[in-house]
Every structure is written in structure tokens, then in C-alpha cells.
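Given two chains presented individually in distinct reference frames, assemble the corresponding complex, making use of the accompanying hints.
First to last, the protein sequences are chains A and B. Mind the numbering: the first sequence is residues 1 to 130 in this note's numbering, read in order. Mind the numbering: the second sequence is residues 1 to 456 in this note's numbering, read in order.
Simulated from the structure, these hints should not be mistaken for laboratory data. The structure displayed is predicted, hence computed values, not measured ones. Glycine included, each C-beta is placed from N, C-alpha and C at the ideal position. Each hint should be verified, as a subset may be incorrect.
[Unchecked claim] Covered, in the sense of this in silico footprint (three residues per stretch, anywhere, with C-beta under 8 Å from a C-beta of chain A), are these stretches of chain B: (1) 44-58; (2) 265-273; (3) 277-285.
[Claimed, not checked] Some chain B residues judged to face chain A by a derived CB distance under 10 Å, without partners named: (4) 260; (5) 299; (6) 301; (7) 349; (8) 352; (9) 356; (10) 427.
Chain by chain, the residues run as shown.
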Amino acid sequence: MTDATHAPLANCRILVAEDEFLSRMLLEDMLADLKAVVVGSVGTPAALVDAVREHAPDAVTLDVNLRGQPAYGAALALQERGIPFVFVTGYDTLRDCPPSLSDVPRVSKPVTIEDLSAALGQALTRRSAG
Amino acid sequence: MPDFDATTSISAAIVATTAHPLALLDGALMVESANPAFLGLFRATPGEIVGRRFSELGNGHWNDGELRRRLEHVLSHGERIDEYRIERDFGPLGKRIMVVDADRIRRAGAGDRVLLAVTDVTERERLRFELEGQKEFAEKLIDSVREALVVLGWDLRVHSANKSFYDCFKVAREATEGRLIYELGNGQWDIPELRQLLEDILPKQDSFDDYQVQHDFEVIGRRIMLLNARRLDHLNLIVLAIRDVTNQRRFEVQQRALMGELQHRVKNILSNVRALAIQTRRNSRGLDDFFRAFEARLGALARTQDLIVRSPTDRIELREIIERELEAVGAARGKDYSAEGPLVLLTPSHAQALALTVHELTTNAAKYGALSVAGAQVEIAWRIEGRDGGDHLTFDWRERGVRIDDPDPPSGFGTRVIRQSLPHMLGGTVDLAFHPDGVACRLDFPLPGTRQDNDS
Numbered sequence: 001m002t003d004a005t006h007a008p009l010a011n012c013r014i015l016v017a018e019d020e021f022l023s024r025m026l027l028e029d030m031l032a033d034l035k036a037v038v039v040g041s042v043g044t045p046a047a048l049v050d051a052v053r054e055h056a057p058d059a060v061t062l063d064v065n066l067r068g069q070p071a072y073g074a075a076l077a078l079q080e081r082g083i084p085f086v087f088v089t090g091y092d093t094l095r096d097c098p099p100s101l102s103d104v105p106r107v108s109k110p111v112t113i114e115d116l117s118a119a120l121g122q123a124l125t126r127r128s129a130g
Numbered sequence: 001m002p003d004f005d006a007t008t009s010i011s012a013a014i015v016a017t018t019a020h021p022l023a024l025l026d027g028a029l030m031v032e033s034a035n036p037a038f039l040g041l042f043r044a045t046p047g048e049i050v051g052r053r054f055s056e057l058g059n060g061h062w063n064d065g066e067l068r069r070r071l072e073h074v075l076s077h078g079e080r081i082d083e084y085r086i087e088r089d090f091g092p093l094g095k096r097i098m099v100v101d102a103d104r105i106r107r108a109g110a111g112d113r114v115l116l117a118v119t120d121v122t123e124r125e126r127l128r129f130e131l132e133g134q135k136e137f138a139e140k141l142i143d144s145v146r147e148a149l150v151v152l153g154w155d156l157r158v159h160s161a162n163k164s165f166y167d168c169f170k171v172a173r174e175a176t177e178g179r180l181i182y183e184l185g186n187g188q189w190d191i192p193e194l195r196q197l198l199e200d201i202l203p204k205q206d207s208f209d210d211y212q213v214q215h216d217f218e219v220i221g222r223r224i225m226l227l228n229a230r231r232l233d234h235l236n237l238i239v240l241a242i243r244d245v246t247n248q249r250r251f252e253v254q255q256r257a258l259m260g261e262l263q264h265r266v267k268n269i270l271s272n273v274r275a276l277a278i279q280t281r282r283n284s285r286g287l288d289d290f291f292r293a294f295e296a297r298l299g300a301l302a303r304t305q306d307l308i309v310r311s312p313t314d315r316i317e318l319r320e321i322i323e324r325e326l327e328a329v330g331a332a333r334g335k336d337y338s339a340e341g342p343l344v345l346l347t348p349s350h351a352q353a354l355a356l357t358v359h360e361l362t363t364n365a366a367k368y369g370a371l372s373v374a375g376a377q378v379e380i381a382w383r384i385e386g387r388d389g390g391d392h393l394t395f396d397w398r399e400r401g402v403r404i405d406d407p408d409p410p411s412g413f414g415t416r417v418i419r420q421s422l423p424h425m426l427g428g429t430v431d432l433a434f435h436p437d438g439v440a441c442r443l444d445f446p447l448p449g450t451r452q453d454n455d456s
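Only chain B is shown next, with the shape it has when bound in the complex (with noise of 0.2 Å):
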């Protein structure tokens, strides 16, 4: 036989030093009885508890028309109240929320009770609520970040990923949640490096930053990978953030290959500046003679230059670079010159070596030719023949209104250019001419793709 007053004494110790507020209510729901709990959750002495109905405690802001309907019925019917929420202002105790579990307890001879217990859950709501809010300020973040997240159980099993994960290895989340990451996209995932990441240098250390791994995976190809990882040891988590640098580093070999290139550029133009320097000099009869013809050359070399920096597709118009040569040295078209032919677009090294060519002519012209007298005239036409399966140009210069004597002059270094930098740049022929009223120049080579049909 149970001993009765034992075990009543126990559950009264229980009541009295259990942090739950608890009451117990007679038959016409007054308070009978309340643990030090319930009186200090009412703020209140006995003496101002019990003996009171329920509904008019704490200053009637308990009368709850609903939850005195159902702790009526808990007596009547037996029907306990479970998790009874009661959300408002408790007036001395702010706004708080309130819940009630109540049961009906039966006494043989007396009438029946009913044990209330009342229980404060609004930190816990606000302690939740705030959770809440940052799990989803957390994977709001996770999807928002451009690297790809993944987040690891311990056991290696992909326990989410983010946005970006599956946007840039191009997996599916439902064949990606809760698989191994070496079976993830058919296996591509099982990459040596990585597991010696995860497996030996996990364990030892809480995390690893910017490890560069490069592997070929299946659809995406060969992709160079920064990997960071951080242990979340209280959730037994590992966060493995993915950076694909593949395009960043092909990007840096590109610039660096630019920056090479660019190296070259301006080595040969320091170069050809040079030759241009000593060759002058060695057909010059003094240095205002030099520096005059050293300036006039480099400035057609810095016109040519300026025509292809210029230029976005990196194509030179043929009337530009013969416009530009006779401008600078004070050639008026339609007056001192004729121009005459179809657009042509030229490649930087064939208007480098055109450009070249007309310059030389144009200084001959001026020093001793068409543009050094009155009333001559230059007359320059070509025209684009389809020739031996190509397109050639035919590029004539023709002055007229000029006396020359000697149709055999010294060959200086103008002369020179003339009749060997287009055939040995271009692979072309050259015809230079002293007639007696002018010269004559045709120039003859193969322009590889580079004819417009329509007429400028």
C-alpha cells in the first residue's frame, strides 16, 4: 500500500519549488491555492490571491470571456485546456503572452478542482521569433552571396547550398541535398584535393582560405577553383565557400600576353623611330637638313600610329592616310591634288607600309615636284582588281605640270622607301617613273580581305 501522506508531501514540495506557476481553483473557479511561482508571476501576496475568482486577478486583466467559458467546461466536462494563449497587455507586467494548461482534479465527497498552470512564454516567443529571423536572415545571405556556398554535415552529406552553387555547377538541389559532395554531379566532386581539404585539414585545423584547386568537371569543363572553409563546430556544420577565379585567371594570362604584345609594339616603333634616325642622317647634308626630313618622318609615322589607335576595328581607310599626308605639307585637294577610288579599308601593317610610301612620294613632290610649283597637280586614283584569286590594289600617283631634266636622279634615301618597302612588306610591285612632266608611281599589291563594295 502506498504511503499516502508521503507522496502528498512530495507533490506538494513539487508545487512549491517548481518555477511553474501553478493554482488550484474550487468549484466556482476561485482560487484555493498558489505556489510561490503563481504568486510571483501575479505579483501578489496569498492574502490577495486567494479566495479571489480567477477572472478577477490581476486587476481583471485575466477575464477572458473564452477562457473562463472553457475552464468551466474543464469542470463540467473534463475537457482539459491545453496551450490556451492569451496575447494582450497584462496592465504592471507590459505586454506579454500567456499561456494555460489546466486539468480537472476529482475529489471523492468534496467538489471538483481544477489545477491550473500558467506559463510566461513571451521571451521565449521573442527568443524564437528572433531565431526565426536570423535563420532567414542567414539564408537570405547564403542565396545572396555571388560565391557558391555549400554547408556540410560532419559526415560530408551536402545539408544545403546556395543559389550560386547550383547556377555555377549546374546541379540540381534535389540530387544535391543530403548526398555525399564526392557523389554530387555523377561523381565530378570527388577531386583529390578537396577530400585531402576536408578530411585531413578540416579536422586540424577550423578553417582553410583560398586554396586553389583545378578540375575538369563534366558540363562545365575546366574550371580553377578558390576554396574557403569554416568549421561551425557547435552546429556541427562546415561551410565551404567555392570562388571560380577560371575567368579571372584567363583574364590575368590575357592582360599579361596584352601587356607582352604591347611591350613589342612599342619596342619595334622605338625601333623603326631609330632607323628612321640613322637613315636620315646618312642622307642628310647637315642637321637642320636632318631635322627637317627626321620630323616630316616621324610625323608621318605618328599619322599612321594615330589612324590605327584611332580606329576601333583596327582598319585604316586608304583616302584618310593619302588626305592626312598631303595636309601636312600644305596640299589642298581638288587645287594641288586629285584623290579618286573606292573605300578601302586597310590592316595596321598595310597602312603603316602604304603610308610610308606616300609619304616619301609626298616629300619628293613638294622638294622638287608637283607641290613645289604653281599650277602642277598630283593626280592619285586607284581601284581593287580581283586578280590570281584575290583582291589586288592598283595605286597610281601621277604628277604633271613639273619639268625634269634627268629621268634618272640620285637615289636617296626617299627613293629607297619607295621602291622597296612595299614589296618587301606587302610582297607587291612597285613602278617609280620620271617622266618628263612629272613622275609617275604605280603601286601593285594583294589586300587580303579588306574591300568595301560601295563607293566612298
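Pulled out of the complex, with its shape left as it was, chain A reads as follows (with noise of 0.2 Å):
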């Protein structure tokens, strides 16, 4: 499953905020198929912000819906902390979305190994960039 397109996200380390087991087990796979190591995964919005603090996480992939609450607070506690970060998204359009979110790179679900590698290339150039 790797090649030479991957290697960008080689030894980056990625936090994944998910509470969907599957889902989470699949993104994991995936970003270890792209060379990058999953420092922890997290279900809940107060987790993600607990595992943030302890790992420093080069990025994050951040289920926009985590048990039925949207994850927009968390996502703009990471924004101000200035981790990259992309959505994972159930939905085609992300409801009640703060203006401020509106241009983090997305992953629509079913994810796909290539679309989850460009998007997270995306926050991370915009990092390096900004």
C-alpha cells in the first residue's frame, strides 16, 4: 500500500479523534500504511483535549460528529493551539460550521487512503506555510 507519493506523512505523528471503533481502526491502518505513527486514538471531545496535552500530536483527524456532539470546540482549541488538523465527515455539508473552520481540509467518509494522505498534506503544508 506505500509508495513514494505517501512519504510526506513519514514519522508524523497523528492523533485520531474518532468514536466509530471501525472507523478508527480503518484511519489507523491507513496512517500506518502512509509511514506515519499514531501516537493515540480518542473518542470524546475531553479526551482528544487530554491527549493533545500529553502526546503534542503533529496532527489530528477529528470525526467532526464524536457520540453525537459536533466537535467544532475542540476543533477551534486546536486551531488556536496551532496543530493542523483535518475533519472527518459522515456529511456532505458540515451544519452550523463556524466561519473560522470553513477552509480546514476534509475527509469524507468512507475514507479513502489517498484522500486522507492529501488532506493531511494540506494542513500540514498550510502549517509549515503560515
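Dropping the structure here:
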């Protein structure tokens, strides 16, 4: 599954925020295929805040809906801390999304490794550019 | 001095030309003269009428004892007859309603006479009856309509309103009729859009349809209404129909949200299926191996979905999840496994997480463990414990009668699901151990408000 196009994520330390277990496993495996390092997986916004503090990840994949709650609060906190992240979403459109989050890279479910790689790459590039 | 001849000739002309049937009766109540209208009414020539008793006219159909008595009274006492009404079959005229008026005309030097006027009011009565019927029909129609209707005069005062209007807007009839529409219910009908519709639009066109107006009413709260109006120009009235679509709009919003939620769930299911397929492929040794494992996992997912859809309260019984999973691999309760514990109702997310774990435990047991050898058994037991201010479910899976040589077998997809899914999704702990006589697995997770105290 790995090739040179996925190299930009090699050794990147990624935190997965995803409440569905199967989706989480899939993301973890895809990230492993992309040679990234999954530093942790969380299922709630509260656990995300703790895990970010603990692991200081390079980037986060954030499911927009964690246990039925929009994760925009957690997203804004990540933005404030300057941690790159991508939205993983089951919705075509993000409902009630704060304007400052409108250009966060998105990966829609079902996630493909190409989409995931591209979105994370975009998030990380933006960070280094800004 | 008045010109007597002129007056007489004018009177004669009036009598001759009026459409009102008139006759003069003499002291014996015999017809002295009759005008053309009277002749027309009786379908007779002067020769057939003049000189005959009034009561004998029209083949005796006018022989009305009471009328005769009253006519005599006119003569003798000067007592006028005012709208004496006769309703009967007048032979060739058919069934008619006649009204008779009579007065005495005094004559110096000769006997008094009676001026008799007959009016056929049949048609008038019929119309009046019909009109009343139509009015009643209209009123009943208006009252029976479920839409709120209010009839306004052109001065925008309420002429009337129907029951639906009073019911819907909680105003009293006494405080409504005759009032300006804007004054109703303490001025709560003073709605700018309504003013515009009634004062600007309606004068220009004779109706408007389905204007949506939103307004906060004092008593009934925020309402969304569709306004329809018709000008009734010949009556100087306006009919305003008000359809309260608040609930309908609310329902539509709910419906949209529900569709969105459904779409979300479907996408989730599909993404789970896809994740299952990818994960299963990673750990498969070939297409057949993949297909068997994938189909079994898909089955587990489908079984939980079945339970979720079937359970009207969206709660799923723990025991049912266990029995369905074990029966899916052909295990018989009492022989191959035991299941002991109280009735526990799980939320869909808990049910899904647990079903996934139970499925992987069952699959392992059917492939390598207690469900793969005769004489071995799975003992399943669960209990609820109050701890840390909430209920926790402790679930034990213990296989016995199996020989396990390797206490630390390689970790595949199934083991990963068993070890990680519950802690991840429900925030609990999982302890999976490989004892020499079989697998032991303890699940422990918080159970938010799902306990039922009666044992099953």
C-alpha cells in the first residue's frame, strides 16, 4: 500500500479522534500504511484535549461528530494551539460550522487512503507556510 | 281649491297602471271594479268578476271565512286589514301565498266601499326562503371549515368569524365582532404584513393567496400563517382565510433533520462495512478465507441493526445479543453455552460495541475454542454493580474444556476488536487471557441508566 507519494507523512505523529471503532481501526491502519505514527486514539472531545496535551501530535484527524456532539469546540481549540488537523465527516455539508473552520481540509466517509493523505498533507503544508 | 277631476283622473291612472292587483268592493262585498293587474291575477275578464261576491271569485278558492269576517269588519268598523296571509291551493294558479290588504273608503251619500289589494308573494317568499337557506348554508359552511375565517367590512372591522378562528387564536366572539382587526386580542393582530396586504394589495386586486406571515402572538406564541383573501365587492366584505401552518413547518424541519440523520447513519453503516472489508482483507489468507470472515462480521453487524430497528424504544436486550451471536454459529444454550444475568437494556451504541466484541469472541471460540470441540463449554455471566456513582456492567466470558498451548497467540483482527473496541467506544476495560483450559474475557464498562431491576 505504500509508495513514494505517501512519503510526506512518514514519521508524522498523528492523533486520531474518532468515536466509531471500525473507522478508527481503519484510520490507524491507513496511517500506518502512510508510515505515520499513531500516537493515540480518542473517542470524545474531552479525551482529545487531554491527549493533545500529553502527546503534542503533529496533526489530528478529527471526526466532526463525536458521540453525537459537533466537535467544533475541540477544532477551535486545536486551531488556537496551532495544531494542524483535518475533519473526517459523514455529512456532505458541515452543519453550523463556524466560519473560521470553513477551510479546514476535509475527508468524507468512507475514507480512502488517498483522500486522507492529501488532506493531512494539505493541513501540514498550510501550517508550515503560515 | 284642488282640481277634483284632475285628482280623480290621476288616481284612476295610477290604479289602472300599477302592477298591484286592486279591486273596489261595495257594501255587499261584491266587486265594483278591478284594475288590469287584478284581472290578470284572476285570469278573468271584467265581465267574469264585476258584480260578483269577492268570496265567490276564482272558483271559490277565495272563500275564506276569516277573510270575509274581517272584510265585513272593514266596512262596519273601519278596521284595516294589514297583510292577511292565505296559503293554499288556488286551483289553476297552483299553490300560492297571497297577502290581502284592505281599507274602507267612505263615501258621502252612498254606501262605504272597500279597497282591496292582493299581492301574490309566492315568488318573493320562495326567494326569501332560498336566500335564508343559502345564508344558513354559507354560515354553516364557514363554521365547519377548519381554516380560520374572518369576514371583514371594507372599514376592516370584523363582521363575523368562524369557530376555527376563535379556537385557533383564543379570542372571544364578543371582543371580536365589530372591532377593527388590528385591535383584536389586545392589538396582537396589528401585523405590518397584514396591514400591507389589506390596505395596499387588496384595494388593487380582488384577492391574494398564500401570503406567509410569521408573528408572535401573546397567548399562542409564534405562529406561521398562510393568508388568503377574497373581496366580495357586491357585499362590501372581505373574507380572510388564515391557515396556521406552524406545526406543518415544524414537521417539515423535523423531517429534514430526520432525513439528514438517516443519511448520516446510512453513511456510517456503509463506512463501517467498508472498514470491516478492509480490515478483514488485511488478516485473510485468501479470497475464501476473507469471504467467510467478512460475511460472518457483516452478519453480526446486520443482526445488531435488526435489533435496533425492531426495538421500538431503541433499547436492546443484552441477552438477545448473546443468544443471536451464539446461535449464528450453531451453539445451543445449555449444551454449548450458559448465559446468566439480569435483564439489561442497552442503548444502540452500547449494543453495537458489545455485539462486535461478542461476535469476535464467538468466532474465536468456534474456530479454535470451546465451540470447536465436543464437551467444551462457554460460561457467560454478567452482573450490574454500582460503582463511582453509577452502574457498571461486568461481563464474563469463560471457555472451559479446551487445551491451549500458547498463552499468547498472535494478535489478529478479532483480538484487536475484543481488546480495543469496548474501551474505545464505551470507555470500559477489557481483560483477555488465554488460560490452559480456555479463553477468559472480562468486560467492564459504565452503563448509563440502562438497568432494569427485575431478573429475566
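Review point. Looking back at the hints listed earlier, which ones does the structure fail to meet?
Key: 1 and 5
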